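Engineer: Sequence:
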Amino acid sequence: MLMSPTTPSWIRKAWAGTARRAVRPACALAIAAALAGCKSTPQWKACAAADEATPRPACSSGLDASAGPPPAASPSAPAKSAKRDLTIPPSINEPVDTASLSPEAGTNGPELAQNFSMGEAVRRALARSPQIGLASALTSEAEAGVSVARAPFFPKVEVSGGSGEGVDGLYRASSRTVIGADKLTKTNVPIKYWDNRNATGAWRTDSNMAGTQLLYDFGATSADVERAVKTRDSQALKGMATVEDVALSAAQAYASLQQSRELLALAKDNLESLKGIASLINRNEQNGNGTQADLKRVQARVADAEAIVVDQDYETKLAIERFKRLVQAEPGALRKAPDLRAALPANSNAAFDEAIKRSPRILSAVTTVQSARAEADSLRLGDLPKISAEGQADSKNFRGQNTRTDVELRLMLTMTYKLADGGLSFAKREQAGARVTQAEMKLVSEKQDVEADIRQAYLQLAAARAKAAGLSEGVASSAKARSLYREQFQGGKRSLLELLEVQSSYYTARYNQVTNAYQEQKAQLTILKSVGRLATALENNDKAPLARAPASPRKRKA
1 MLMSPTTPSW IRKAWAGTAR RAVRPACALA IAAALAGCKS TPQWKACAAA DEATPRPACS
61 SGLDASAGPP PAASPSAPAK SAKRDLTIPP SINEPVDTAS LSPEAGTNGP ELAQNFSMGE
121 AVRRALARSP QIGLASALTS EAEAGVSVAR APFFPKVEVS GGSGEGVDGL YRASSRTVIG
181 ADKLTKTNVP IKYWDNRNAT GAWRTDSNMA GTQLLYDFGA TSADVERAVK TRDSQALKGM
241 ATVEDVALSA AQAYASLQQS RELLALAKDN LESLKGIASL INRNEQNGNG TQADLKRVQA
301 RVADAEAIVV DQDYETKLAI ERFKRLVQAE PGALRKAPDL RAALPANSNA AFDEAIKRSP
361 RILSAVTTVQ SARAEADSLR LGDLPKISAE GQADSKNFRG QNTRTDVELR LMLTMTYKLA
421 DGGLSFAKRE QAGARVTQAE MKLVSEKQDV EADIRQAYLQ LAAARAKAAG LSEGVASSAK
481 ARSLYREQFQ GGKRSLLELL EVQSSYYTAR YNQVTNAYQE QKAQLTILKS VGRLATALEN
541 NDKAPLARAP ASPRKRKA
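In terms of full-length UniProt numbering, the sequence shown has 258 at position 258, counting the first letter as 1, and numbering is strictly consecutive.
Just to be clear, a hint being listed does not mean it is correct.
As the list claims (entries may be wrong) - Capping the alpha-carbon separation at 20 Å, the derived lysine to any residue pairs in SDA-like fashion look like this: (1) Lys467 with Lys522; (2) Lys268 with Thr508; (3) Lys396 with Gly219; (4) Lys268 with Asp313; (5) Lys156 with Tyr216; (6) Lys296 with Asp313; (7) Lys386 with Thr212; (8) Lys480 with Thr508; (9) Lys275 with Leu500; (10) Lys296 with Arg322; (11) Lys418 with Leu384; (12) Lys480 with Ala509; (13) Lys156 with Gly219; (14) Lys386 with Thr221; (15) Lys275 with Leu295; (16) Lys467 with Ser505; (17) Lys336 with Ser279; (18) Lys396 with Gly161.
Derived by calculation from the structure, the hints in this document are not laboratory data.
Remember, predicted model here, so these are calculated numbers, not experimental data.
Work the whole structure out from these sequences, hints included.
Structural biologist: Have a look at this one:
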């Protein structure tokens with residue numbers, strides 16, 4: 001992972017400051033835990049104590065912090081698109097602070113927090129996301145796979161023992177001595193194996209110890225270890241990509257809730273303005289200066305405005321529910337989102353170049369290709385002979401007519417070679433080759449998708465900033481015209497239709513201004529997520545005071 005002078009210390013410590021086995025390759029998990037800003041609260045400490053108490057064995061292999069992420073070079077990399085700099089004009093208007101807006105009345109969640117900042121919302125979402133837990137489990141599985149691949153390098157020792165009764169047999173051929181008639185001659189007469197049934201019913205106890213040590217296999221095991229390491233690294237990078245995905249979801253939920261609340265306040269303001277016009281028309285009609293048709297026209301506009309308020313209130317409640325699902329807390333009031341313009345690359349080409357080097361989504365695809373190639377090498381080398389050292393010790397204890405103990409020790413240098421396996425090895429090599437092609441095509445697809453996301457976001461960002469000045473002028477002009485038209489209407493110089501139209505123009509201008517500002521903000525979030533810097537940028541730019549959770553802790557399920 002590339003480190004810059006502005007990288008927070010919690011990311012540096014998570015990447016380089018540990019000897020635990022799964023932390024370096026699973027940096028995504030360390031980031032997810034470190035992002036949990038609510039760790040300082042007593043309830044989070046109580047919930048995390050069980051997870052922190054689990055020790056992890058040391059491992060000498062893994063991603064080196066000083067070496068950075070795996071190289072992004074690949075022979076299957078797509079040709080870079082033509083250099084089309086989508087430079088961005090300066091922004092004029094931005095989303096407003098919604099902390100002053102009253103939160104929606106709803107159900108009381110398990111935790112209530114006020115004055116959320118976007119950075120804290122993201123940290124809480126990362127600390128509670130099941131996707132992060134899933135990524136942790138998958139990385140732990142991949143880490144264990146490295147130990148499985150290394151096992152053939154070490155000796156294998158087996159011990160066996162047994163005891164029981166003999167069923168039949170002599171254990172071995174023997175002879176008996178026959179004394180001649182002269183009482184002096186002795187002759188050894190052979191006894192056939194099954195004639196002397198001294199094994200029947202005899203008790204015996206056997207024990208065995210065998211050991212094997214691989215000496216040389218032409219690099220097959222080393223290639224399999226490389227495959228396992230690359231698989232682990234790929235899964236760790238997928239975990240880092242999951243961190244960025246969850247951070248983007250939480251940040252977008254935060255921005256969407258702010259936008260919905262602001263649009264709801266705007267819709268209510270529009271409704272109140274139309275009700276004021278209706279009240280004015282009603283008084284004019286009572287004074288004989290208006291008509292029933294004018295009153296009906298205004299009432300129709302009021303009904304439309306009420307429907308807009310209901311729809312926007314529904315959208316706001318949906319945004320609140322999505323926020324609560326991701327952050328696991330009532331949103332309360334929300335602080336203004338941090339200004340992320342300084343963290344953006346200069347243009348789309350610079351952003352894509354940075355994504356090639358540090359995007360966990362792309363780097364994970366790169367290491368997947370490397371893992372697939374190592375697997376193919378392992379299968380190819382596995383068909384070559386294997387040289388091993390084997391040792392065995394046997395002890396056989398016989399209890400019968402021929403009570404004795406047989407002990408055997410042997411040490412051998414063996415070579416094994418598979419002559420035929422019905423085409424199994426060839427089929428496995430074919431499968432591995434197909435997986436290499438799949439991984440390479442997946443890498444090409446990931447690069448194209450990331451580039452498309454970046455360029456689309458920059459186009460959206462450029463369009464939003466280009467419209468900002470005109471929308472601001474339109475809002476100012478509509479507000480001034482609305483005030484003047486109202487005065488002129490009361491003086492008899494403007495018609496009701498003109499007054500209603502200028503009110504509609506003001507509402508539309510403000511609606512477009514608010515929507516455009518949040519589109520710009522969401523485009524910034526998408527760009528930073530695509531280059532793999534969203535979580536870091538939110539942490540570095542989060543200057544707003546963080547909300548405090550209540551004292552009642554949440555109970556975690558076992």
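Engineer: Provide an ascending list of the numbers of those earlier hints which the structure does not satisfy.
Structural biologist: Violated: hints 3, 6, 10, 17.
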